[in-house]
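Model the full assembly from the supplied sequences, consistent with the hints where possible.
The numbering of the sequence shown is numbering that gives the first Met the number 0, which starts it at 0 and goes up by one.
Among the clues, some could well be false.
[As the list claims (entries may be wrong)] Here are the simulated distance ranges between beta carbons: (1) Gln139 x Ala56: 16 to 22 Å; (2) Gln162 x Ser527: 47 to 53 Å; (3) Val95 x Pro236: 23 to 29 Å; (4) Gln180 x Thr394: 36 to 42 Å; (5) Leu392 x Thr93: 40 to 46 Å; (6) Arg59 x Ala176: 22 to 28 Å; (7) Glu419 x Val380: 17 to 23 Å; (8) Thr394 x Asn454: 24 to 30 Å; (9) Arg420 x Pro481: 35 to 41 Å; (10) Glu419 x Arg297: 36 to 42 Å.
None of these hints come from the bench; they were simulated from the model.
These numbers were taken from a predicted model, which means no experiment stands behind them.
Note that the Cβ used here is the ideal one computed from N, Cα and C, for glycine as well.
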Amino acid sequence: MLRCFQTAAKGKAIFLTALSLMAGGVALMPQRASSAERVYVSFSIIERSISVSALEAYAREGIVDEDLAVYTQYFSPEQLAQLRQILLTRIDATPVAIAQFLYSPQGQVLLDRLGQVIQTEARQSGFYALRAALILAAAQPEGLTLLNILHQYPTNGLRVNLQAALNIAQQLQSLIAQTRQASAQIIAQASVGEQQATSLNAPSPFDLLPDVRRIGPNQWSKQTLTLTDPRRNRTYPVDLYLPIGQSGMIPVVAISHGLGSDRLAYEYLAQHLASHGFAVAVPEHLGSSAAQREALIRGLADEVAEPAEFINRPLDIQFLLDELTRLSAAGIASPGQLNLEQVGVLGQSFGGYTALTLGGASINFERLLADCRLTRQTWNVSLTLQCRALELLGTQVETRDPRVKAAIAINPIASRILGERGMQQIEIPVAIVTGSADTVAPMLPEQVFPFAWLNENIDKYLVLLEGGTHFSTLQEGPNDIPLPPAVIGPDPVLARRYMEALSLAFFKTYIANQPAYRPLLGAAMARSLSQDTLPLYLIESLDLTKLPPIPEGAL
Numbered sequence: 000m001l002r003c004f005q006t007a008a009k010g011k012a013i014f015l016t017a018l019s020l021m022a023g024g025v026a027l028m029p030q031r032a033s034s035a036e037r038v039y040v041s042f043s044i045i046e047r048s049i050s051v052s053a054l055e056a057y058a059r060e061g062i063v064d065e066d067l068a069v070y071t072q073y074f075s076p077e078q079l080a081q082l083r084q085i086l087l088t089r090i091d092a093t094p095v096a097i098a099q100f101l102y103s104p105q106g107q108v109l110l111d112r113l114g115q116v117i118q119t120e121a122r123q124s125g126f127y128a129l130r131a132a133l134i135l136a137a138a139q140p141e142g143l144t145l146l147n148i149l150h151q152y153p154t155n156g157l158r159v160n161l162q163a164a165l166n167i168a169q170q171l172q173s174l175i176a177q178t179r180q181a182s183a184q185i186i187a188q189a190s191v192g193e194q195q196a197t198s199l200n201a202p203s204p205f206d207l208l209p210d211v212r213r214i215g216p217n218q219w220s221k222q223t224l225t226l227t228d229p230r231r232n233r234t235y236p237v238d239l240y241l242p243i244g245q246s247g248m249i250p251v252v253a254i255s256h257g258l259g260s261d262r263l264a265y266e267y268l269a270q271h272l273a274s275h276g277f278a279v280a281v282p283e284h285l286g287s288s289a290a291q292r293e294a295l296i297r298g299l300a301d302e303v304a305e306p307a308e309f310i311n312r313p314l315d316i317q318f319l320l321d322e323l324t325r326l327s328a329a330g331i332a333s334p335g336q337l338n339l340e341q342v343g344v345l346g347q348s349f350g351g352y353t354a355l356t357l358g359g360a361s362i363n364f365e366r367l368l369a370d371c372r373l374t375r376q377t378w379n380v381s382l383t384l385q386c387r388a389l390e391l392l393g394t395q396v397e398t399r400d401p402r403v404k405a406a407i408a409i410n411p412i413a414s415r416i417l418g419e420r421g422m423q424q425i426e427i428p429v430a431i432v433t434g435s436a437d438t439v440a441p442m443l444p445e446q447v448f449p450f451a452w453l454n455e456n457i458d459k460y461l462v463l464l465e466g467g468t469h470f471s472t473l474q475e476g477p478n479d480i481p482l483p484p485a486v487i488g489p490d491p492v493l494a495r496r497y498m499e500a501l502s503l504a505f506f507k508t509y510i511a512n513q514p515a516y517r518p519l520l521g522a523a524m525a526r527s528l529s530q531d532t533l534p535l536y537l538i539e540s541l542d543l544t545k546l547p548p549i550p551e552g553a554l
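See the structure below:
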């Protein structure tokens, strides 16, 4: 496998690339009967191979036979130990769960892309072979491991197309480099804003206002409502947090969770806002919630989210506001106190999309039609979800709600589903939160460009968590799939504290009509909150012409 290259360094990199691609495929796909006897790595006309039995002997017993010894000279003891771990590490997933995902539209897109790299012995796409192997490996007593996938691979040889793998690696490296370039631009611009604020010698807003980082003075109550919208035949639960003893009108915020999540994901934020005098309503979008994810895993659903969710989610919020109006008027929930004509919305990921559509953005079918044919060439995972909205082509539903007067979108998906035209339809204050290490909804195409597309005549904020991921701000709940720390990102507790402070300042300014909080939404204030483990930056504009182009593979 490695002799075909003139240097050990090149050989080592190629071998590790092949193994990592195979390991990545293992985590996400299915299996089948029969067994691969050899793993081939090909680059142009050069090809090398290693037997599966040699890999198994080393993984299980530490035995290095002649077949493997050719390659071990290129690796350190630590790397060889890592190879054993990769071969035997078990991924806890049932055959049904693996099959359901891989037969979903999102799973098929992923298989299609990986099949370009991991091929059959006859150099055909590994799409079907991988799906079979992954499903069958998950059914084995030892579960889903890379070694079991090799044993269940339905051709005598598993072939890794190194040229395709290197093309993918170059695409990913380009995306990483351009994300860093965009981050550097944001950080530099935030630094200018900090210096300008410092030069004014104005007193710190933290010295003049209640500390937005701390829990507020209000006690609060929580009740769960069950709403039924007869027009859509849709029933869903809502958690309602109400401040106790609040006089006067109570500002209202709705929180929309992300794909495969639930009402508990931002429970900490709902409690924080309620303690500062906000009524907070948190619906569960059942067609794209943790319950839907579980239904998929159990074989009771075909998709992680049905296309109709792109419409149902904002309509869930609209109907919720209608019901709160009725309940408040009837004296059931804070009689006559809920200000439902000036509502704030916050959402994460799919919920970020929900918040933006309630704020005025509409689905950009023209952009979807043009770009969704490219999903076979992209590693932007969120596009597999965005492009499902094409099933709604020709459907006309008003998702904007004039009662929504400000929106926060955390890690939103927006590049294709909304596009430039959709983002420019928003006419309310907007804050977009992004993480530079978000691999689900990549920062540059999904948040930075959409922020730059927003109109110049609205108040807008881009908040960067340097090193933040798609999961940094989420509260772990009992129904969540456990994620390793590397996936969650650095210091999630700090990320949640950032969201508490910034969301409170934003909604105090634009929903509670307290403009004294506006100075807290500046670069200098973000810097004062920032900690080294997860640096925080905030800017209010971004020059679209200075942004790096979105690289191939991240469209």
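Structure-based check of each hint:
no.	hint	verdict
1	Gln139 x Ala56: 16 to 22 Å	18 Å, holds
2	Gln162 x Ser527: 47 to 53 Å	50 Å, holds
3	Val95 x Pro236: 23 to 29 Å	26 Å, holds
4	Gln180 x Thr394: 36 to 42 Å	38 Å, holds
5	Leu392 x Thr93: 40 to 46 Å	35 Å, violated
6	Arg59 x Ala176: 22 to 28 Å	40 Å, violated
7	Glu419 x Val380: 17 to 23 Å	22 Å, holds
8	Thr394 x Asn454: 24 to 30 Å	26 Å, holds
9	Arg420 x Pro481: 35 to 41 Å	39 Å, holds
10	Glu419 x Arg297: 36 to 42 Å	40 Å, holds
Checked against the numbered hints given earlier, the structure breaks hints 5 and 6 and satisfies all the rest.
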